[in-house]
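Go ahead and model the full structure; you've got the sequences and the hints to work with.
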Amino acid sequence: MNKILEIKNLSKDYHTINGEISAIEDISLDIYKNEIIGIVGSSGCGKSTLLSILSGIEKQSSGEIISNNNNFSYMLQSDALMPWLNIIDNACLGLDIKHLKTPENIAYVEKLLSNFGLSAFLKAYPNNLSGGMRQRVALVRTLATKPDIILLDEPLSALDYVTRLTISDDIYKLIKKSNVTTILISHDIAECISMCDRIVVLTKRPGKIKNIYNINLKNKKTPSENRKDKLFVHYYDLVWGDLDKDIT
Amino acid sequence: MKLEKKIILITQIFITLSFIIIWEILSKQGIINSFIFSSPAKIIKCLYELYIANNLWIHIYVTLKEIFISFALGSIIGFSFAVIFYSIPILKKIFDPFLTILNSLPKVSLGPLLIIWLGANIKSIIVMSLLINTIVTLISIYNGLINTDSYKIKLFHSFNATNYQILTKLIIPHNIEVIISSLKLNISMSLIGVIMGEFLVSKAGIGYLILYGTQVFNLTLVMTGIILILIISFIIYQIITFFEKNYNT
Chain A
1 MNKILEIKNL SKDYHTINGE ISAIEDISLD IYKNEIIGIV GSSGCGKSTL LSILSGIEKQ
61 SSGEIISNNN NFSYMLQSDA LMPWLNIIDN ACLGLDIKHL KTPENIAYVE KLLSNFGLSA
121 FLKAYPNNLS GGMRQRVALV RTLATKPDII LLDEPLSALD YVTRLTISDD IYKLIKKSNV
181 TTILISHDIA ECISMCDRIV VLTKRPGKIK NIYNINLKNK KTPSENRKDK LFVHYYDLVW
241 GDLDKDIT
Chain B
1001 MKLEKKIILI TQIFITLSFI IIWEILSKQG IINSFIFSSP AKIIKCLYEL YIANNLWIHI
1061 YVTLKEIFIS FALGSIIGFS FAVIFYSIPI LKKIFDPFLT ILNSLPKVSL GPLLIIWLGA
1121 NIKSIIVMSL LINTIVTLIS IYNGLINTDS YKIKLFHSFN ATNYQILTKL IIPHNIEVII
1181 SSLKLNISMS LIGVIMGEFL VSKAGIGYLI LYGTQVFNLT LVMTGIILIL IISFIIYQII
1241 TFFEKNYNT
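Taken in order, these protein sequences are the chains called A and B. Residue 144 in the working numbering sits at position 144 of the first sequence, with consecutive numbering throughout. In the working numbering, each residue's number is its place in the second sequence (first place is 1) plus 1000.
Mixed in with the good hints there might be a few duds.
To be verified - Part of the chain A face toward chain B, derived, beta carbon under 7 Å: (1) Ser55; (2) Ile57; (3) Tyr74; (4) Ser78; (5) Gly94; (6) Phe121; (7) Leu122; (8) Ala158.
I should point out that these hints are in silico values taken from the structure, not numbers from a laboratory. All values derive from a computational prediction rather than experimental measurement. The C-beta atom is built at its ideal place from N, Cα and C for all residues, glycine as well.
Written out as structure tokens, the structure reads:
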């Protein structure tokens, strides 16, 4: 497999009034082209910090990221759509910022939106869309810049359970179709197992890698189908057993 | 919703007309002293006399011009400094106590100094108005800017947006309602500042009319000035509301 990203001994410390707090510590991980890798861990273990560092929003305190000039795109927990922009402009926001809003790229975005059944809503505004539709637009915005790696920070956490299941299928299909490497953070172990090729379990803060599991389901299909796989419960038990369950 | 709007409008008109009619009746019946409290009929007559003497529009024009200049300058200066303080947080921290002190200072106390420094002319009036409207505009816009959705800022950073892009494509559109409401506040402050300035130094304007009326004990002229201020304030407020509604739709 082709290595697309190499994380070496990554650590991040925050300076606060109460002293120095270590968010993540000595994380080393190789990520391969076109894989979907899930990161799970208890609240505050540094999952989002890791994504922020990978996307360049934050700088690491120590360690190295070897990314071979890969282009990252970040999808946040909230859809973060701009209420003053219509759907097509929201989806093209990254292109606009990067000065890549060409007719070809706009056509590509329209195609992605059409894959999600949003063709009729191109000129609509976010407040006219349901939570699930908004999240789909946010994913299209993430993919619009044709990134090599997408970083999904609990992208479905704001949605109700039924919508989550439906959208996880849609997102999975689009990710596979786009051949994009994906790093997914989720509190939901089942969601991670159903979507990911590998799962990284982090310890509680400061987050360190506790275990990495290859998810080898027998007949990998869509996330909702994968939940029916015989090995699904096995992986669930493994990951659940590794999680620090301190309620803080 | 339409019915509710109609009820509100009809009630507002009813209250205004009732006030005018009761005022007129009380004055005509001698229950209140019409020399001190004037009356709607006397005010209309005064307005007509000012109009006939070609004075009405001159005073309105002078006051409107001063309001417009101080409103425009106050908005530009207030907005610019709000953006500067937002972009360079340390500057806000440095200037915060000075702004608080200046904002709490009764500006009228600076009036005599302004006249000496700038002369008995329109400059003193504009600066008096700016002292009142700029800080309020600055603070209200700044408070909007710092409350911009942090997720959206993070999103822009993830696209490697420049500070200028974040400002023009996120911060300003995100806060357009805050900016409009601070402009509403600014227009009221400009009106107060200009009238206060005209009290101190002026040869024309509605503030001058009120001051002159007080000096010659023509309280109908004073009341006329006050009514003119109310009408101007109402019209300007309606214009801003019109723009606000147009933006929202």
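Which numbered hints fail: 6, 7, 8
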